[in-house]
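Novice: Here is what each chain is made of, one letter per residue.
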Amino acid sequence: MSCRVTQPGSSVLHRMDPRFRLVGLFVLIFAFSFVSDFRLLAAMLAFTLILFFLSGLPARFILQKLKLPSLIILVLVLVLPFVSGQNILLDLGFISLKQEGLYASGLIAARFLCIITTVMIVLHTAPLLTHVQAMRAMGLPWIMADMALLVGRYLEVLGSDLKRMHTAMRLRGLNSSRPGLYVLRTRAWLCGSLLVRGLERADWVYRAMRLRGYGHSRAATSQFRATALDMAGLAAALMAAGTVMGLEIWLGL
Amino acid sequence: MHIPDGILPLPVTLGGYAACAAAVFFCLHRINMRPDPQADIPKAALLTAAFFAASLIHIPIPPASVHLMLSGLLGVLLGFFAIPAILIGLFFQAAMFGHGGLTTLGINGVIIGFPAMAAHYMFRLGTLGQQGPKQTAAFAFLAGSLAIMLSVLLFSLLLVTAVPADLGAAVEKTAIVMIIAAHVPLALIEGAITAMIATFLLRVSPRVLHGV
Chain A
7 MSCRVTQPGS SVLHRMDPRF RLVGLFVLIF AFSFVSDFRL LAAMLAFTLI
57 LFFLSGLPAR FILQKLKLPS LIILVLVLVL PFVSGQNILL DLGFISLKQE
107 GLYASGLIAA RFLCIITTVM IVLHTAPLLT HVQAMRAMGL PWIMADMALL
157 VGRYLEVLGS DLKRMHTAMR LRGLNSSRPG LYVLRTRAWL CGSLLVRGLE
207 RADWVYRAMR LRGYGHSRAA TSQFRATALD MAGLAAALMA AGTVMGLEIW
257 LGL
Chain B
8 MHIPDGILPL PVTLGGYAAC AAAVFFCLHR INMRPDPQAD IPKAALLTAA
58 FFAASLIHIP IPPASVHLML SGLLGVLLGF FAIPAILIGL FFQAAMFGHG
108 GLTTLGINGV IIGFPAMAAH YMFRLGTLGQ QGPKQTAAFA FLAGSLAIML
158 SVLLFSLLLV TAVPADLGAA VEKTAIVMII AAHVPLALIE GAITAMIATF
208 LLRVSPRVLH GV
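Sequence order for the protein chains is A and B.
The first sequence begins at 7 in this note's numbering and counts up by one.
The second sequence begins at 8 in this note's numbering and counts up by one.
Source of the hints: derived by calculation from the structure; they are not laboratory data.
Among the clues, some could well be false.
[Claimed, not checked] Ranges between beta-carbon positions, derived for each pair:
{"#": "1", "chain 1": "B", "residue 1": "Pro18", "chain 2": "A", "residue 2": "Leu51", "range": "21 to 27 Å"}
{"#": "2", "chain 1": "A", "residue 1": "Gly219", "chain 2": "B", "residue 2": "Gly139", "range": "39 to 45 Å"}
{"#": "3", "chain 1": "A", "residue 1": "Leu84", "chain 2": "B", "residue 2": "Leu160", "range": "48 to 54 Å"}
[Claimed, not checked] Derived contacts from chain B toward chain A, CB cut-off under 7 Å, selection only:
{"#": "4", "residue": "Ile14"}
{"#": "5", "residue": "Thr55"}
{"#": "6", "residue": "Gly105"}
Given the structure is predicted, the values throughout are model-derived calculations rather than measurements.
Cβ coordinates follow ideal geometry from the N, Cα and C atoms, glycine included.
The shape of chain A in the complex, shown without the other chains (with noise of 0.2 Å):
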């Protein structure tokens, strides 16, 4: 569950107590998600690349952790300066580029590369489950903090119980790249066994969390503590945002 590439205390950012981390991530990226003016992005595009220096993260492993989730939004920006706009900058005959359309294209492009950089450089800084911890400290309720705590604990577990399955399933000749009737059917039991097994492993887990005092006490203390470095890093995100967003409103007066 650890998305971790560097040590503890190797940067700025790791050395933060993550609830401070966390409020100055979200103070950020929605101020990023606030910007409409074209102008803006340079501002925004540096925070990102300061932020990416504090994080001491390689940038190869960041630019692999947008590959995916790139290609996810490549298509809206390639059809948007096509399809949206008056204006017509070039005139191929059967399409037309226009300018709206490339104007919000770029904006798009540009916002979602500095929200999803900044969401990776921070969230990948502590293991997840901490980050998680970190929720529950700050009020997320127990109901939703604990099942994520577990579904973080057990998502490994389930996924390399369904991968031996299919493993058991392909040597025993299932051939999983043959659409039809047939295949469907064996993926709704694979789905159908999965979903057995993990209600079963949840009877043992419940009775051994239990065991172990779960739902006794409450009053679990947090293990966070705050020190001058994290008030100085989430004054600098506030700062950062609020310089965004104010001069978002200022252009636009």
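We have chain A already, so just place chain B on it with the hints.
Specialist: Frame of chain A, contents of chain B only:
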């Protein structure tokens, strides 16, 4: 069917969070009314993890393949746990793979979670009283397909109308129709898979089908 970060304007993403927060509040309130809500948490969590893993299964549709969403079945089995489970799944997907987004977490929760709840109510009302294999399969098919089609409808409406670009009414209408039409085969496949899983569960472990 996840809207990525950066596409939607801020009021829409904040609206999504508000709608999702209200739905989560309602669901958690209903869960807390149970005699022992803690006992159901491991079941809901492990079924969520199983759904997450199962959604990685690919169905070959030449020349490509599609992955399952199973939001209808998730709604049927998890009931009031469905929306919290979907939000957790979406958070993990956004954090681990960059699929979906954090600013759009609320809106994606609405797109997938609300239809899942609709599927839950439809299946429970349809199979009220008796649960024969044919009735279970029929209502599971409807629940699976309905969840996908409602999600596609919400997704296309939001994507086409809230995207910051001047598309024009005709283009918007065409885009919505195209997106919906492209997803009809997927909805049928999801419906069929949901029906097959439901009948399998009815035969092998009916208590799973009774839900959390």
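Novice: Evaluate each hint against the coordinates.
Specialist: A quick look at each hint next to the structure:
1. B/Pro18 x A/Leu51: 21 to 27 Å: 24 Å, holds
2. A/Gly219 x B/Gly139: 39 to 45 Å: About 44 Å separates the Cβ atoms of A/Gly219 and B/Gly139, which means 39 to 45 Å holds.
3. A/Leu84 x B/Leu160: 48 to 54 Å: Given about 24 Å between the Cβ atoms, the range is violated.
4. Ile14: Since the shortest Cβ distance to chain A is 6 Å, the answer is holds.
5. Thr55: With Cβ-Cβ at 5 Å, under 7 Å, it holds.
6. Gly105: OK, holds: B/Gly105 within 7 Å of chain A, min 4 Å.
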